[in-house]
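Listed below are the residues making up each chain.
Protein chains: 2
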Amino acid sequence: MECQEYGLTRNTERDNLNLNPLQRGGMLPIEARKALIEYADGYSVCDYCAGRLDEVPNPSISGFLQDLAKFINVDEVRTTHGARESKFAIMHALCEPGDTVIVDGNAHYTTHLAAERNKINVIEVPNNGHPTYEITPEKYRETLENAIDSGIDIKLSLLTHVDGDYGNLADAKAVGDVAHKAGIPIILNCAYSMGRLPIDAKALNMDFVVGSGHKSMAASGPIGVLGMKEEYSDALLKHSKRHKVKEIEMLGCTSRGAPIVTLMASLPYVAERVKHWGTEVEKTRNFVRQLEEIEGVHQIGVKPKEHDLTRFETPIFDKIAENHPRRGFFLYEELKKRNIVGIKRGQTKWFKCSVYGFSEEQISYIANSFKEIVDKYKDLI
Amino acid sequence: MECQEYGLTRNTERDNLNLNPLQRGGMLPIEARKALIEYADGYSVCDYCAGRLDEVPNPSISGFLQDLAKFINVDEVRTTHGARESKFAIMHALCEPGDTVIVDGNAHYTTHLAAERNKINVIEVPNNGHPTYEITPEKYRETLENAIDSGIDIKLSLLTHVDGDYGNLADAKAVGDVAHKAGIPIILNCAYSMGRLPIDAKALNMDFVVGSGHKSMAASGPIGVLGMKEEYSDALLKHSKRHKVKEIEMLGCTSRGAPIVTLMASLPYVAERVKHWGTEVEKTRNFVRQLEEIEGVHQIGVKPKEHDLTRFETPIFDKIAENHPRRGFFLYEELKKRNIVGIKRGQTKWFKCSVYGFSEEQISYIANSFKEIVDKYKDLI
Ligand SMILES: Cc1ncc(COP(=O)(O)O)c(C=O)c1O
Ligand SMILES: Cc1ncc(COP(=O)(O)O)c(C=O)c1O
Chain A
1 MECQEYGLTR NTERDNLNLN PLQRGGMLPI EARKALIEYA DGYSVCDYCA
51 GRLDEVPNPS ISGFLQDLAK FINVDEVRTT HGARESKFAI MHALCEPGDT
101 VIVDGNAHYT THLAAERNKI NVIEVPNNGH PTYEITPEKY RETLENAIDS
151 GIDIKLSLLT HVDGDYGNLA DAKAVGDVAH KAGIPIILNC AYSMGRLPID
201 AKALNMDFVV GSGHKSMAAS GPIGVLGMKE EYSDALLKHS KRHKVKEIEM
251 LGCTSRGAPI VTLMASLPYV AERVKHWGTE VEKTRNFVRQ LEEIEGVHQI
301 GVKPKEHDLT RFETPIFDKI AENHPRRGFF LYEELKKRNI VGIKRGQTKW
351 FKCSVYGFSE EQISYIANSF KEIVDKYKDL I
Chain B
1 MECQEYGLTR NTERDNLNLN PLQRGGMLPI EARKALIEYA DGYSVCDYCA
51 GRLDEVPNPS ISGFLQDLAK FINVDEVRTT HGARESKFAI MHALCEPGDT
101 VIVDGNAHYT THLAAERNKI NVIEVPNNGH PTYEITPEKY RETLENAIDS
151 GIDIKLSLLT HVDGDYGNLA DAKAVGDVAH KAGIPIILNC AYSMGRLPID
201 AKALNMDFVV GSGHKSMAAS GPIGVLGMKE EYSDALLKHS KRHKVKEIEM
251 LGCTSRGAPI VTLMASLPYV AERVKHWGTE VEKTRNFVRQ LEEIEGVHQI
301 GVKPKEHDLT RFETPIFDKI AENHPRRGFF LYEELKKRNI VGIKRGQTKW
351 FKCSVYGFSE EQISYIANSF KEIVDKYKDL I
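Chains A and B are the protein sequences, given in the same order. Heads up: the first sequence begins at 1 in full-length UniProt numbering, then just goes up one per residue. Heads up: the second sequence begins at 1 in full-length UniProt numbering, then just goes up one per residue.
With a straight-line cut-off of 30 Å between C-alpha atoms, the simulated DSSO-like cross-links for lysine-lysine are:
1. B:K244 / A:K155
2. B:K119 / A:K244
3. A:K119 / B:K155
4. A:K119 / B:K119
5. B:K119 / A:K241
6. B:K34 / A:K344
7. B:K241 / A:K349
8. B:K349 / A:K241
Think of the hints as simulated: they come from the structure by calculation, not from any bench. Here the structure is a predicted model, which means the values were calculated and not measured.
Whole structure, please, built from the sequences with the hints as guidance.
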């Protein structure tokens, strides 16, 4: 059989400054790269398995899970294939088809898909609209109470800790309190926070926290985290009737290979980097300040920024695009000439980006590049 | 936070001849190792995603899936996180809780778990017992007909192509015909076959074939294959109501990271190696012949072998263990001294092993090692 040429290189993304928020928190430190090479082959972590992935002694997955549980302050933790698979598993274990869950209006599409795959209805807490798109605990409470008053039995609630559209950091503790006052278990979706900033599930009054290794924990995809309070471990980690040691929701085992060793090797690095989250937020705010010096560039979402994912409305670039021979592609192409990638090709009305992990010097270079481009085309405005 | 030492090295398995059947088909060729390093970071395959993993043009996941579909002769194919996740998805899409499926008595525990997680009942086709433990098409038909006659509505059937206990190769075509004569869709679980031997889903009269990248396709875990006939793609690949392009059973996307690029990079290598399956079977038969020269070592399962996974009953080693100061550990320890690993520590009554991918010279060395050990302890027998 003749196979096609798949183009398995990633030079462009490696050789350039990549502003794609999706890619900033998943870059591996050297220890994780070493572990990846060591455990490249097939079922590499299963050599010493006695039937349970979470109890493998060598490499010490069991020790790692103890550390991970401490890192996010939960009673029990498992790895899954991603944040979405964690959400699916929780909903699957706690709900029946036809049940209703409440989620914030900034929830990721994977939250909706996890519910849809479980045939569960979703009630949404609206955000407060343009320009901050904030989810407030008051609105969460109001929406929840209205649903309950109208006779709907809410089985589960979810809050997106940091959403992927605006990079808003929600007030998790307050929403946790709202859910518990109504007697409803709550999931915190930490795909964009766990591994970037410190997470303390108990302090945030959360029953479940889910994380994404490839998104924010310096791990190879796909791998997720599913942390829970003791009282839910019977439901989530229920054993098979026939294969007594196997956990049903995990289908026996989940991340049986390379990604889990990268998550393990990265944990010390990640545990250290979350301590410097304040510096990252400062860098993001500096970046926003520099970009907003351009007339016609406005950060939207909550201000000042509390997370690196940043959305800008950029009518000025849209204006240039109208008159530029390359139309909307000019911005991507001009940035690329300056070794900057990660803004979608053709997009000029608005964009999302992140400078997480870049140095102040790189950030200034990026901000100046945007300014240069505006300057270059000032006649088209 | 102080992290424990996780012991992230795999020297023992790399520096020794590993007989563990689980590990023989998942070893990466050099192209896959290169791709793994290239795509180590987080969501590395998502740079050029326009919303659908299976349509990513760079690296060409879309081109790869076309090749993969040809390789196994199916109309549609997706990657999942493993064979078990493929089975779960099929059952989830086609069955309701309380439904009944029929599976062979040699089915892997993950088949049972996929059903249990879906709250589906399982009827089993018994194998023919010691010593061959064979699943015959006649028994499959009889069990299925009995179930139907007793009024049970069978929604789906499954056959394990090569089982993980005896390494028997089932007569898939004949069982496919049985299922279709009864109007029931059928899954072929090719975890131990796809990537080792040629699979032609249509020639085998199968509606679904599932594979395991880390087990038999020279890929990093976890990754699976889910191939299907056209007529089931509407059910399996149904789109979300709200997020129109996203496939519900895939939760939007599945293998968003490193394992998929190893599967891609390995496909040309795997497509080539399945052509030499006959040679692998010959090597296994030679190995069996050499081991059976030891009195008190018998291959069980179908004879002659049609697959590399081989189970031996070894009363002779059990006898030695009775009288050896190290008891059951002696075999593991003696093999280890000879740079052979992969037989479970403490196991002497029987064991499973595989010489897939070893040279004739290595195979003779392994067989002679077993003979040497028996010889060394002949006084204990
Ligand atoms: C807020 C949020 N949740 C969940 C996800 C999905 O994470 P995973 O790929 O681990 O399922 C994303 C990814 O973009 C996200 O932004
Ligand atoms: C016959 C069979 N099916 C399925 C599996 C599980 O494969 P995966 O890890 O891809 O889910 C195995 C693994 O041991 C197996 O032997």
